[in-house]
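Protein chains: 2
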Amino acid sequence: MDDDIRPGEVAVTPPAATDAGLVFIGRIHTPWTVRGEAPRQGHPDGPVCRIDVFEPWIPALDGLERCARIEVIYWLHLARRDLVRQCRASDGLVRGTFSIRSPVRPNPIGTSIAELVGIEGGVVLVRGLDCLDGTPLLDLKPERKPVVPPP
Amino acid sequence: MDDDIRPGEVAVTPPAATDAGLVFIGRIHTPWTVRGEAPRQGHPDGPVCRIDVFEPWIPALDGLERCARIEVIYWLHLARRDLVRQCRASDGLVRGTFSIRSPVRPNPIGTSIAELVGIEGGVVLVRGLDCLDGTPLLDLKPERKPVVPPP
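As you go down the protein sequences, you meet chains A and B in turn. Numbered according to my numbering, the first sequence spans residues 294 to 444. Numbered according to my numbering, the second sequence spans residues 294 to 444.
Note that these hints are calculated values from the structure, not bench results. Fair warning: there could be bad hints in the mix.
[As the list claims (entries may be wrong)] No more than 20 Å apart at the CA atoms, straight line, and that leaves these computed lysine to aspartate or glutamate pairs for EDC-like:
1) K438/B to E408/A
2) K438/B to E364/A
3) K438/B to E302/A
4) K438/A to D384/B
5) K438/B to D338/A
6) K438/A to D338/B
7) K438/B to E413/B
8) K438/A to D312/B
9) K438/B to E358/A
10) K438/A to E408/B
11) K438/A to E436/B
12) K438/A to D345/B
Since we're looking at a predicted model, the values are computed, not measured.
Pulled out of the complex, with its shape left as it was, chain A reads as follows (with noise of 0.2 Å):
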């Protein structure tokens, strides 16, 4: 099973998750349907993902078609939790959970830079997701500014 834990790995008892509560604007329609097919992580070139949002959100999109791309912000309802050490599949070391990018995390929250393809109504084209089809939408944002050095 995806859920075992493997040598080396160790689990917590987390405190309950009830600091703040998350409310789902969208669902993230992607090709990778199972765990292990989905990308370690996106790029501008691969296929067209579509991202519904959801009433009464819409009419916060109006400018982000201005953006080349945004950061999206979602919630990977699938991992679970109480890891603080962990085993990456790659390369089957045992890393602390905040040294790798796994899904698995106390707030298992996934970020993306991806690239704008359009938007229509509610539905906001991109290309640079790694997430499994389904996956719930939590934000989306302009990319941050690049720094710029001091003259």
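With chain A's structure known, arrange chain B on it following the hints.
Just chain B now, with coordinates in the frame of chain A:
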């Protein structure tokens, strides 16, 4: 009051934020204690800020010391969550919430890329944050790998 609605802003009645729950895994200490004082975006030459990670998550930091830059994810605990159109303070224009990086959003999650200064026990020192003192921490991860163009 900071939380007043300005002309052109649009509030909605949001669904209850009960789709998923968060656990605060630490607290961020910065020099900025009042909204309006914090920079609009963190800068790698900014002041050193202290992130206190709580138990039982401290062992999850193991290996993070090898990352020069880390992604810091936090909860913008003072932000209202119901505006779909809002007025950006810097230029007074009204825009859709998802087209600006304001703290006011349905899920007020902030993300920054910070330069790692050092880690000692459960304390992580970084430069490049822009959040208020006392901001709850949600996650730490290595910066995304840069996109490599195909050969």
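> Among the hints numbered above, which are violated by the structure, and what are their numbers in rising order?
Replying inline: Violated hints (numbers, rising): 3, 7, 8, 9 and 12; every other hint is consistent with the structure.
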